[in-house]
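Taken in sequence, the protein lines are chains A and B. So the first sequence is numbered by my numbering: it starts at 61 and just counts up by one. So the second sequence is numbered by my numbering: it starts at -6 and just counts up by one.
Keep in mind that the hints were calculated from the coordinates and are not lab data. All values reported here derive from a predicted model rather than from experimental measurement. Please note: incorrect hints may appear among the correct ones.
Partner residues are not named here, just some residues of chain A that face chain B (Cβ under 7 Å, in silico) [claimed, not checked]:
no.: 1; residue: Val457
no.: 2; residue: Phe460
no.: 3; residue: Ala471
no.: 4; residue: Ser501
no.: 5; residue: Leu504
no.: 6; residue: Ile506
no.: 7; residue: Leu510
no.: 8; residue: Ile598
no.: 9; residue: Ile650
Every beta carbon over 12 Å from chain B, so not counted as near; a handful from chain A, in silico [to be verified]:
no.: 10; residue: Thr196
no.: 11; residue: Pro231
no.: 12; residue: Ile365
no.: 13; residue: Glu467
no.: 14; residue: Ala553
no.: 15; residue: Ile644
Idealized CB from N, CA, C, for every residue including glycine.
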Amino acid sequence: MTALPLARPGGLGLLALLLLLAFTPPAQADAQAAQTHSAGSAEGIVSPLTDLIDDTADAATAHAGNRAIDASAPALVEGNEHTAAVPTAEEPGVSVAEVSIDERIRQLPHGSFNDRRAVAEELAMAGDPRVAGILTALADGRLLALDEPRARILIRDASGRLGRDAITGEPVSAELIAAGRRIPVHNPLRNTLRSLVAVATISDPAPERRATSLRRLLRDGVSPEMLDYLDARVEQETVPLVLDLLQTVRAMAHLESDYADQRLQAIEVLRGSLLAEVRVRLDAAAERDEDAAVRDSAAEAIDSIETRIAVYRFTENLFFGLSAGSVLLLAAIGLAITFGVMGVINMAHGELIMIGAYTTWFLQTLMPEALSASILLAIPAAFVVAGLVGIAMERGVIQFLYGRPLETLLATFGISLILQQAVRTLFSPLNRPVASPDWLSGSLYINPVLSLTWSRLYIVIFAILVFVALLLVMKKTSLGLKVRAVAQNRPMARALGVRTSWVDALTFGLGAGIAGVAGVALSQLTNVGPNMGQAYVIDSFMVVVFGGVGNLWGTLVGAMGLGMMTKFLEPHTGAVLAKILVLIFIILFIQRRPRGLFPKKGRAAEA
Amino acid sequence: MLTQRLFLSDWGGLTVLVLLLALMVAVPIANLVVPPDSPWHLSTYWVALLGKFLTFALLALSIDLIWGYAGILSLGHGAFFGLGGYAMGMHLTRQIGDRGVYGNPELPDFMVFLSYESLPWYWWGFDMFWFAMLMVVLVPGLLALVFGWLAFRSRVTGVYFAIITQALVFALMLAFFRNEMGFGGNNGLTDFKEILGFSVQARETRVGLFVISALAVILAYLAARFIVTSRFGRVLVAVRDAENRARFAGYRVEHYKLWLFVFSAMLAGIAGALYVPQVGIINPGEFSPLRSIEAVLWVAVGGRGSLFGAIIGAFAVNGAKTWFTTAYPEVWLFALGALFVLVTVFLPRGLVGLFRRRTREDQP
Chain A
61 MTALPLARPG GLGLLALLLL LAFTPPAQAD AQAAQTHSAG SAEGIVSPLT DLIDDTADAA
121 TAHAGNRAID ASAPALVEGN EHTAAVPTAE EPGVSVAEVS IDERIRQLPH GSFNDRRAVA
181 EELAMAGDPR VAGILTALAD GRLLALDEPR ARILIRDASG RLGRDAITGE PVSAELIAAG
241 RRIPVHNPLR NTLRSLVAVA TISDPAPERR ATSLRRLLRD GVSPEMLDYL DARVEQETVP
301 LVLDLLQTVR AMAHLESDYA DQRLQAIEVL RGSLLAEVRV RLDAAAERDE DAAVRDSAAE
361 AIDSIETRIA VYRFTENLFF GLSAGSVLLL AAIGLAITFG VMGVINMAHG ELIMIGAYTT
421 WFLQTLMPEA LSASILLAIP AAFVVAGLVG IAMERGVIQF LYGRPLETLL ATFGISLILQ
481 QAVRTLFSPL NRPVASPDWL SGSLYINPVL SLTWSRLYIV IFAILVFVAL LLVMKKTSLG
541 LKVRAVAQNR PMARALGVRT SWVDALTFGL GAGIAGVAGV ALSQLTNVGP NMGQAYVIDS
601 FMVVVFGGVG NLWGTLVGAM GLGMMTKFLE PHTGAVLAKI LVLIFIILFI QRRPRGLFPK
661 KGRAAEA
Chain B
-6 MLTQRLFLSD WGGLTVLVLL LALMVAVPIA NLVVPPDSPW HLSTYWVALL GKFLTFALLA
54 LSIDLIWGYA GILSLGHGAF FGLGGYAMGM HLTRQIGDRG VYGNPELPDF MVFLSYESLP
114 WYWWGFDMFW FAMLMVVLVP GLLALVFGWL AFRSRVTGVY FAIITQALVF ALMLAFFRNE
174 MGFGGNNGLT DFKEILGFSV QARETRVGLF VISALAVILA YLAARFIVTS RFGRVLVAVR
234 DAENRARFAG YRVEHYKLWL FVFSAMLAGI AGALYVPQVG IINPGEFSPL RSIEAVLWVA
294 VGGRGSLFGA IIGAFAVNGA KTWFTTAYPE VWLFALGALF VLVTVFLPRG LVGLFRRRTR
354 EDQP
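Next comes chain A alone, as it looks inside the complex (with noise of 0.2 Å):
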C-alpha cells in the first residue's frame, strides 16, 4: 500500500483514496478505480493489476467501517435545516448521505491536511449549496474552527472581522470570529481546494457559473472520482452550451484512458469543440499516443479544429470589418450631404460629432437613473442640437463662401477650433464618462473562437437604419427633391421657384444634424472629449472621397471596403500600420479614379 501510484504532488493522497471509496458503493468502486489507474499512467507511473484489487479489497472495509461509524452522526446533529436539502437519489456518483453534510462540514478542523482534502472532495460533490463558499474561504484561510462554547465553523468575511456561521449562514459577532482558530491548508491542499470550488459550482442554478466552474476544471483536469460526478451531472444538464463544455471536460478525462477505442472516441467528442485547451491536449495526443489509429485520428480532428477555426476567424473578421465600416459610415455619412451634396469641405465635421456626443453625456447627467431612456431621447435631441449648430455655420459664415471651396475648408477650420475651445472652456478640457446601458455591454457568444459585441451589434443596425432614413429623405421628400434641384442646377432651380438659400440652410442643418446623430452612437463605442472630432474627419473625408462625391450608396460601399480592409489588414500588420496601408491605398486610388468610385455624371469638363 506504500507504493501507491496516486501519491503524486498535488494529486490525491492515500487517505483521500480511502476516503473517497468508502463513500462509494462496491459496484461502482471497480470503474472508478480503473480510472484512478489509468489517470495515473498517463503521468507514466503503470500500477500493478494486484494493487489495484489490494486497494479495492481495502475500500470495501473501510466503507464498512465508516458506515458503522455514520449510524451514531444524526444523532449529533443539533437543529439542522439543511439535512433534507441534501440531493442524494439522482446522484449516483456520490453514496447516500447516511453522514449529513453538515457533520462532514464540522470534520474539516480534524485530523491531516490528507483528511482534509478527502472531506472537502466529498462536500465538493455533494451538490449542496453552500459548499462552495465555505472551501473558498478555507483556500482562502478564512474558515475558523471554534470550540467554546460549542464546536462551530465560522467563515470570515473576505473585508476582515466580520462573518458567518457556515453551517446555518447566521451572522456572527467580531468577537466569536476573533477567537475562531484558522484551519490550517497547505499548497497542495490550496490547490485542489481550487478544483473542488469548481466541482461544487458545477450544480450551481446558475448556468454562467456552472460554465465558468467547467472551464476551470478544462484547465485543471479532472480527477477519476470527479468524472463520475461529472457523468450524473450530464443526465440533469439542460441548458446546451454548459453540457456541451461538461461533455468536452469528460472526454478530455477519458483521453487519458488506458484504453484506445475509448481514447478514439473522447476524440470524436472532442472534434466539436474550439476550445484552446482542447487543441493543447489534441496535439499532445496526436504527437505521443502510443496507438497510431488514435495518433492519426486525433490529427485528422486537429484539421477539422483548425478548418473551422479559420471559418470562424474569418466570419469575426468579416464582423469586425462591418462594425468599423459602419462606424465610419456613420461618422462620414452627414459630410456626404454637406461635402458631397452641397460641395462644402466641411472640416468642423468631427465637432458636430462630438457635439452630439456631448448632448449624450449632458441628457445622461440630468437624469442619471433612466440610461437606456436617455440615449433613446439623445438621439433626436443631437440631431436637434447639431442640426441647429449647423444652420448657424451655414448662415454665418459658409453662405457668403458658396463657390469657393477651399475658402469654405479654411473657415470651417476655424469654426472647428472654436467649437473645440468652446467645450473645453464650457465643460472640461477632460474626457467625460458616457455609460453605456445594460443592454449595450456585454457580447454575444458564439463559440470559444467567436463572440460578438453587443454595442458593435447596435451600430451595424444603426448605422443601416440612419443611411436608409437619409436615402429616404433625400428621394422621397420634398426637400430631398429641392436639395438635389440645387445641387444639379442651382440658377434653374432658383427660376424654377426654389428658394435655395433655405434649402442650402436646411441641407447643411440635415447633414450636421446626422453628425450629431452618429456622435450619440459613438460615445458609447470611444471616449467623449473636445479632440473626439478630430479622430473622426480625415477618415470621413476618405471616405467620402473614395465612395465619390455626391453619392450616398458611394458612402456606404466606401465606408464599409474601407473597414473591411483595415481590419483584415490588421491581424497581420497591426493596427498603425493597416490605417498607413490603407491611406496609401486611396492615394494611390484616387490617381486611377479621380472621382472616387461611384463619380457624378455629366458633360461638364469641371467640377
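Position chain B relative to chain A; hints supplied.
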C-alpha cells in the same frame, strides 16, 4: 532688367526684403554687440524665436508659390517640412556621437534603448554634413516628384488634391510614430549637441542660424519671384485660372505643376532643416495635419498670390500665437479660429489686400 523684374515691379515685396535685410543686420548686433543691460539688447530667446518665425515664413512662401500661383492647395506641406527637419535631425543626432546617455559611439540613444544591433541602412551617410544637406532637399523633392507625378498626371485637382495631401501627411505621422521606423518614434530626435562643430546652445550659433534663415528666406523669395515673373510663371497663372483652357492651348499643364510642386517641396524641406537646430527637437507632431492647415492659414492671412504676403502672414499669426499663448492661453484657439473665419469671409486677399489696390492681375 532683372532688377526691374525681381525688385522694383513689386513695392510690397521690396519693402519686406528691406525689412528682412535690416533684421538680418540688426538682430545679431542687438544680441551680440549691445550690452545685456541696455534696453536695446535682444535676448537669445528672441533670436531663436525670430529664427523660428523665419523658417515658418519660408514654409509659408513655399505654400504660397503653389497655392497662390498654380492653385494647388496642399494640406500636407508639413510632410516636406518634417522630412527636411528629420534629415537635419538625423545629422545632428549622428553628431552627438558617444555623448548620449548610453555613450554608444555607433548608435543613437533610442536605438540602444530599442536594442538595435547596428545602424539601419537609411541612416548611413548622415554623419556627413554635405550628405545630410543633400537629403534635406532630395527627400522632400523626390516625394513631391512621385506624389505630384501621380496626382497631376491623373488630373487630381482642387479639393481632391487637398484631401489626399492630408492623407499623405497623416500617413507619415502615423508611420513616424512607430518605433519600428527607426526615427525615434514618439519622442523624435532631440538632445542635439553641436552643428559643424559649434554648440547648438551657444548664443553665437543661434545668431548664425538666424542669419542663415533670414538669408534663406530672402534667396527663396527672389527665386520664387524669378519663377513667377518668368514665362513659366505666366503659364502657371493661366493654369490656376483656367486649367482646361491652358491644356487645350497646348501646354503640358501637369509638367508645369509638377516642377513647381517639387521646387516648393524643396523649399519646405530647407525650412524644416533650419527649424530643427533652432528649436532643438523634431518629432512626428510636425506631421500632424493640424500643423499643415495652420501653415496654409499663414498664407491666407498674409494674402495668397503675392509671395511677400506669406512672409507677413507667417510673422503676424505666429507673433499673435506667441503673445496669446503666454498672455491668454484659453483664448488662443478662439482667436485662431476667428482669424480663419474672418480672413476667409472678409479678407479673401489677406492683410496685403488691405494695402493694395485691386488690379486685374491679382484676381485669384
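Which of the numbered hints are not met once you compare them with the structure shown? 4, 5, 6, 7, 13 and 15
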